[in-house]
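Enquirer: One letter stands for each residue in the lines below.
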Amino acid sequence: MDLLFAIIAGVLFASGVYMMLRRSIMKLLMGLVLIGHAANIAIFTAGGLTRARAALIADDATTLDAGTADPLPQALILTAIVISFGVLVFAMVLVSRAWSAVGDDDTDSFTGTDR
Amino acid sequence: MSILPALPIIIPLVTAAVSVMLWRWVGAQKVLAIIGSLGLLWATVALLLRVDSHGIMVLQVGNWPAPFGVSFVADRFGSIMAVLAAVTGVATMCYSPGSVDSRRQAMLYYPLVNVLLAGVCGAFLTGDIFNLYVWFEVLLMSSFVLLALGGERAQLEGAIKYVTLNLVSSALFLIAVGILYGAVGTLNMADIAVKVRSAPEPGLITAVAVLFMVAFGIKAAVFPLFFWLPSSYHTPPFAVSAIFAGLLTKVGVYALIRVFTTIFTHDTDYTHTILMIIAGLTMVTGVLGAAAQMEFRRVLSFHIISQIGYMVMGLALFTPLALAGSIFYIIHHIIVKANLFFIAGIVHRIRGTSDLKVAGLRGVYETSPLTCVLFFIAAMSLAGVPPLSGFFAKLILIRAGLETESYVIVAVAIVVGLLTLFSMAKIWAEAFWKSPGEDGVESVGVPTMPPTKMMLAVSAVLALGTVLIGIFAGEVFGLAQRTAEELLDANRYIRAVLGEAP
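Which chain is which? The protein sequence lines are A and B, in order.
No gaps in the numbering here: position 101 of the first sequence is 101 in the working numbering, and each next residue is one more.
No gaps in the numbering here: position 198 of the second sequence is 1198 in the working numbering, and each next residue is one more.
Not one of these hints is a red herring.
Label pairs and their computed distance ranges (CB to CB):
1) A/M30 x B/F1227: 19 to 29 Å
2) A/Y18 x B/V1014: 42 to 52 Å
3) A/I7 x B/G1203: 14 to 24 Å
4) B/P1065 x A/A58: 15 to 25 Å
5) A/R23 x B/K1426: 32 to 42 Å
Below, in silico cross-link-like pairs of lysine to aspartate or glutamate (DMTMM-like), each with a Cα-Cα straight-line distance of 20 Å or less:
6) B/K1195 x A/D70
7) B/K1357 x A/D114
8) B/K1161 x A/D106
Rather than coming from a laboratory, the hints here were simulated on the basis of the structure.
By construction, the Cβ of each residue, glycine as well, lies at the ideal position given by its N, Cα and C atoms.
Please put together the full structure from these sequences, using the hints given.
Expert: Now the structure itself:
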C-alpha cells in the first residue's frame, strides 16, 4: 500500500513538473495544482497508512484505544487543501488577467520584467 | 500565562478587520493603519524588553500543553525580528499615502499590508512547524495580492513568476513537514528538536533538512533559487517594494536560521557546508547581477540577494560570533534596504522615472539636496563604510570567518562589499551627481511632483536609525550576542516550551 501511494505521489509530482515546464501559463497552473496534490498524498503516506479504525473515542473511555488511525496527518492535509484552494482561485484569476494584459499564453511573452 | 507573545499577531489582524469594515473611508483606513502599526511597535518592543530580561516567553494556545497544542514562543531572535517587522510596518504605513495611488488605496491596500504584517509576525513567533507553514501562507497570500494590485502588465508578469516559485516552495515545505512528522511523530519545534537527536534514521532526517533548506532557500532568494526576486520586486508601487524588500526574504532567512540552529544540528558537517557554498555563491551572483542592471529598483533587488548571502554566511560558520553577526546584519539590512527603496520612490516622484539610462533622471542633487544626503547615508551603510551600521555588521562576520579560518568566504565577503560600493556609486553618479545639463536633457513626459514631507520624514528617521545602530553598535552587538547564545543552546528553547522534563 505504501509503495502504491509513493508511486502515485511520484507520478503526480513528475506530471506537475512536466506541466510547469511547458510554455503555456494555463499548463503552468495545472502543474501547480498537481504538485499541491502530490504534497498532500506524500503527507498522507508519510503519516502512516493503516486499515485501522477512525480516531473516535468510545463513549465509555477517555482516551483513544490502540489500533486507531493517526488523525493528525488528515488534519494537516485538510488545512493544506483549504489553503491551496484559496491560492488556486487567486492564481486562476491572476493567469486570466495576465493573459488579457499580455494577449498571449506563451510564457516566452512574459519576460518584460526580466530585461 | 501572558498573552503578550500573541499580541503582535492580534493587533494587525484586528486593525485589518476594522479597516475592511471602513472600506468606503480610505482616510480613516490611513489613520487606523498608522495607529495599528504603532500599536504593533509598542507590543513588539514590550515583548523584546520582557524576553531580554526574563527569558523565553511561551503561550500555549487554548491551554493545550505542549507538544499537543500550538505553542507561540517568543525568544530573543523571534522578538527582534518582530520589532523589525513593526518598524518596517510603521514606516510603510506613513510612507504609503504619498506613494500608492488613490485607486490602489481604495482597493483595500491598508488591510492587506496589515494582514501581511500579521503573517510575518506569526511566522517569527510560532513554535510549531506546521503553524509556520500556515503563517507563510498568510503572508504569501497577502503579498500575492499586494504585488498584483493595480493590474499593470509588468505587475502581472512579475506576479506570475513570484506566485509560481513561492507555491513550489510551499509544496516542498509541506512535504518536508509531512516526512518529518512521519519520522518523529510531532510538529512542535522543541519536541522535534528532542526527538531528532535520537531518531533511528539520521539519513532520513538529513534528507528532510535539505528539503527544508530548498523550501526556505526559495523564500530567502539564495543562489540558485533567486530568479523570482529581481523579476518581480521592481513592479509594484514603491511602498510595497520597500516592505517586501525589508521583510519577506528575511522571513526565509529567519526560518533557515531557526531550523538549522534549533532542530537540525545533528550533521553540521554536511548541512552547514552546503549552506557555506550557497552563501558564497549568493553573495557573488547577487552583486554581479546588480552591476549589470540600469534600473534603480532592479539594482537594489539584486543587492538584496547578495546581502542574503552574508546572513546565510553567519549561519553556515555556526559559531556564536558568526550567528551574532548574522543577527546584526539582519537588523541593519532591514532598516537600510527598506530605506533605499523608499528613497527610490522619492526620486521616482521627483523625476517620473527610475531608469538610470534616461537623462531625465539626472541631477536630483539640484532639485532635492535632502534626498541626496539620505541616499548617501543609506548607500554607504549598505556598502559597509564606517561608522554606519553596515560596517559593523560586515566586520563581525569577517572576524568570525577569520576565527574559524574560513579564508575563502572572508575574501568573497570583502570583495562583494567593494562591488556593492561600485553599484551604489553608479546610482549616485547617474541619478544624483551628473548635471542634467550634460548631453542634453529631455523630459520623461511624466508629471512630476515634489515628495511629501511625510515621505522624507520616514526616510530621514530610517537613515537616523542606521547612524544610531552604528554609534550604539556595542549595545546592539551585545543583544545580538545574547541572541546567538540563546539560539545555539537549543536546550533553553526546549525547556521553555516543554517544561523541565527532557
